[in-house]
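J.: Construct the complete structure from the given sequences, taking the supplied hints into account.
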Amino acid sequence: MVTKRIEHKWGMVVDLDRCTGCQACVVACQAENNIPLNSKAYFQQRRAYEWIRIERYWEGEFPNVKAKFIPILCQHCENAPCEPVCPVFATYHNDEGMNVQIYNRCIGTRYCSVNCPYTVRFFNFWEPVWPKRLRNQLNPDVTIRTRGIMEKCTFCVQRLRRGEVNIERRGLEPLTGERIPAADRKLNYRQMKEGNHLPACVQACPTNALNFADQYDETGPVKKHFDEANEQIETRHRGGHVDEAHTRVYRLFEEIGTKPNVIYLKKVEPFPLEKA
Amino acid sequence: MKLTRRNFLAWAGLGAVGAVACEGFGIRRGELDIQSPVRLPEDLVRGSDNWYASLCRTCPSCEGIVVRVMEGRAKKIQGNPLYPTNQGKTHARCEAGLQALYHPDRIATPMRRSGPRGSDEFVPIKWQPDGIDSLRNALRANGSSSVMITEPLRGHLGLLVERFASAIGGEHLGFEAIDNNTLRAAVKNVFQQDTLPDFDFDNSRFILSFGADFLSTWVSPTRYNRGYGEFRQGEGRDRGMFYQIDSRFSMTAANADKWLPVRPGWEGHLALSLAQVIVSENLQARGVDVDTLVGGDSGIQALNNFRPETVAPLAGLTPEMTGGDPVEFLKNLARSFASNRPSIAIGGGSAGAQSNGLFNLEAIYALNFLVGSVGGKGGVRFNPGSPWDDVPASSKVGSLEDWTRVAEQIRSGKTKLLLLHGADPVHGLPDSVRLRDAIAQANDLFVVSFSPFIDDTSVMADLILPDRVSLEDWGDDIAEPGPGYQVVGMQQPVVNPLGDLDPLSFPDVLLTMAQELGKESQLPWANFKAMLREGSDALFAMNRGSIEASSADEFWNNLLRRGGWWDERRTGPAGVNAPDGLFRTIAGKATGPDFAGIGMGSDSFYLAPFAHNTLLDGYNGHLPWLQAAPDPLSTVTWQTWVELNDVTAKRMGVKEGDILRIESSKDSIRAVAYPTPAAPLDVISVPFGQGRKHGSDYATDRPGRESSNVMDILETTLVKGTGSLAWAGTRVRVSKTGESVSISKLEGNARAVEIGLTPAEKIIKTIAPENA
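Taken in order, these protein sequences are the chains called A and B. Letter by letter, the first sequence follows residues 1 to 276 in the working numbering. Letter by letter, the second sequence follows residues 1001 to 1772 in the working numbering.
In short, the hints are calculated from the structure, not lab data. Check the hints yourself; a few may be wrong.
Said to hold, decoys possible - Derived lysine-lysine pairs resembling DSBU-like cross-links, with alpha carbons at most 35 Å apart:
1) B:Lys1762 <-> A:Lys223
2) B:Lys1377 <-> A:Lys223
3) A:Lys193 <-> B:Lys1762
4) B:Lys1377 <-> A:Lys193
5) B:Lys1377 <-> B:Lys1396
6) A:Lys9 <-> B:Lys1762
7) B:Lys1396 <-> A:Lys259
8) A:Lys224 <-> B:Lys1258
9) A:Lys132 <-> B:Lys1529
10) A:Lys266 <-> B:Lys1126
11) A:Lys132 <-> B:Lys1693
12) A:Lys193 <-> B:Lys1529
13) A:Lys223 <-> B:Lys1258
14) A:Lys266 <-> A:Lys186
15) A:Lys224 <-> B:Lys1762
16) A:Lys132 <-> B:Lys1126
17) A:Lys224 <-> B:Lys1377
18) A:Lys266 <-> B:Lys1396
19) B:Lys1762 <-> A:Lys266
20) A:Lys266 <-> B:Lys1693
Predicted, not measured: the structure shown is a model, and the values here were computed from it.
T.: Printed below as a string of structure tokens:
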């Protein structure tokens, strides 16, 4: 007998009009994923580990100046440039739409990092060190990466797996613990929210700029945006024209064809700066 | 084992069964074929976790949290989705409560000073008899000449500490380096309310904020962020419009649709000029009695002194800033503010931290009356008082006048016992108060600190009795600002202290002392949990609110399980009447700001200090995640930086990473230069929070002295009417030291910025509102 596992395709939608750059996602990610403490030297050497980071872009000069924030994390590309260059298949694409890193296969060539257009892969230049007492906080669901290997955003796969185990295999409702009828055992958006199965950054984001769900989940907040994004890709494929001025949906570096599973919603700008 | 034919067949058979079993466990064939025979470590989910509801104590707004605990260790903090103020969301600061819990520099046992005061030389002692006895003797001898300094307290701990202080005949003062006293006074004068109001950003269409960095640090940022998200892109509503009027380009200003760089201290004048336009053009909301509000003809005349034509040059507005005539800009701003109702005006931060801060804030909040936003949907919502008669719903905090007096009392020998909990006034007060010297030189003074960490004040202690941190202890909170109705949050211990630590709960120690000193009549509880339980029983007896229970025990369990109790029907006043002639009164108080320090000159600047996004006023300086969280704008970590305009920097020959000396008439500090396009030409900004001299390595001065405390150079200008520190009222001189360091920032980590290959608009795309 082969148990059928339920299919998912995960996706994230980042609403730039909601993002305030507050860093809640950044710290939440570090707490969840056993990311080494970023010392001053790491920043000075430009080797800080931030699986999700807030980039800030200046536009204009005083007094007509703007700053814009964008959270950047692994885009979990469908056509990921990092995957084919790994000589040991340590990075691969799984059928849930995630780009995955197998730590104990990685030999640290850093080819993937070189090939990633989003600069979201981090190499462990040092053995991660925590003061003894702080190690009590480390998340037992997440491997600590050793020196010499690559790491990156996993979409908090450990939280998704826990959700799949609790809801799809054990059939337990998150808050009540009631049994779910076998036919309905598919992790949905509400259960992810209530059972803490959303990625840590999404769960923390105070403005709800980050949204995450199964791309096909009708009850989730991402489906309509992914439908639109996929349609854009189809249209472009057919040689058609996408009316950029009338849609908020876009993907980062669309033109290089990586087809990310993270999509962005444009920031609304009532007073654009005039370009010189 | 010898390999025989029989053995071989047996093992081969087992292997085949295993392969079938693997299928049965649900590994997809696809993964076995092309992915990995070695399962990802993340696929192996083992063990079960528990989530406990509690409260976050890394900032005064006190969010409801849930804490994930596995095998007796706290692993993760998240927002409590049920808790009404933050609704499941957190700020970056909340997460770091875990690092306070498992901090390597926690004080393990009680300690007694063994070297000169402030030398950081201590010897460990035992709680019984040494620690407790010393405390009891000190209280017995000098309780009546004691001052207890704590963090701002509300709820039952507030009640306990007040009663304890009065029982021993001493004084209690709450300490906050950047206090809200001026805001409270303005709210009292304008709205006659004793607790801070809530702002209904969710339903607002226009936010006009003066100096309040409400998305980052001001009052209750998590709640405001949540509302802001809805304000921008909430379902079923139009996108709101947001203007920030601020002398610094803060994170909040960066998110505004328009930032108006005002000359520091002229925010109140701008607010009155908007009021003048609204009144003269008859733009007020329907039903607003302008005549009473403004104060008749004399009020209108008073307002006419604040015409945009007069105020625009005073506030330093230029056509470049406003994209045309500043007067027209102000008029249009007033028109949009009045027509896009519900609209809301808020003020705080640097606008209230000037000598004329109280006038500024009153003028700003009074605008809400003109547009009918007081008490209504999308406007200012008021909070009810405490559900218990005697438990305080808002924290009282000492002003700079109080601290100057306390320092004087210590110097004169009038204060003989200083009790410290959760406050670091030596770091958080301007150097000119000379608190450190006063404590160091007072021979008759005995200092007891209940801090679990060494900081600049606890290092001066004679006796350190380490408290439990919040995740190990009981507590409660009356949310301030609440969401417009009564909310009580409960804090429960989610883990026990680790075996190598021996802290005792501060409220428990106070209750023990009260009994030993014969003060049971005022403080009859055996421990703090019993006191909280009594509060819970009283709530149960009220028979209202979010928890239904048939017995007091069931109520208590549900209270802990849900992390609190709230009653949506027990709201604050739906509206308040403005005092007659409010605008005339406010206009009568109008003055410009007074600046102390270095005078005007080409190398002198307005100093606009600001609360650090994660460290706040330094309260969280010892938590490495928060030190390493990049500032949203400069992206600097770990260091003290100074933001100055890039054109100004070029004129002075200053490059990024240069160490600058910033000098007032009091003292000077060093800070790393961060030239930015977003600073006004004559304003420099330095974050509060760094530059601790003692304690954890994460918090203290680091090699190269790149961490300094901007408090050291602040002039002691007071806010008129509240006696608070006007922390934005200092002018400074800036010079190069000739030294330079590598700046520790995130900017440039990613190659798009580093090489400049990718223009911003390719990464952050924008869209016009009409198409969104």
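J.: Run the structure past the numbered hints and jot down the numbers of the failing ones, going up.
T.: Of the numbered hints given earlier, those the structure breaks are 7, 10, 18, 20, listed in rising order.
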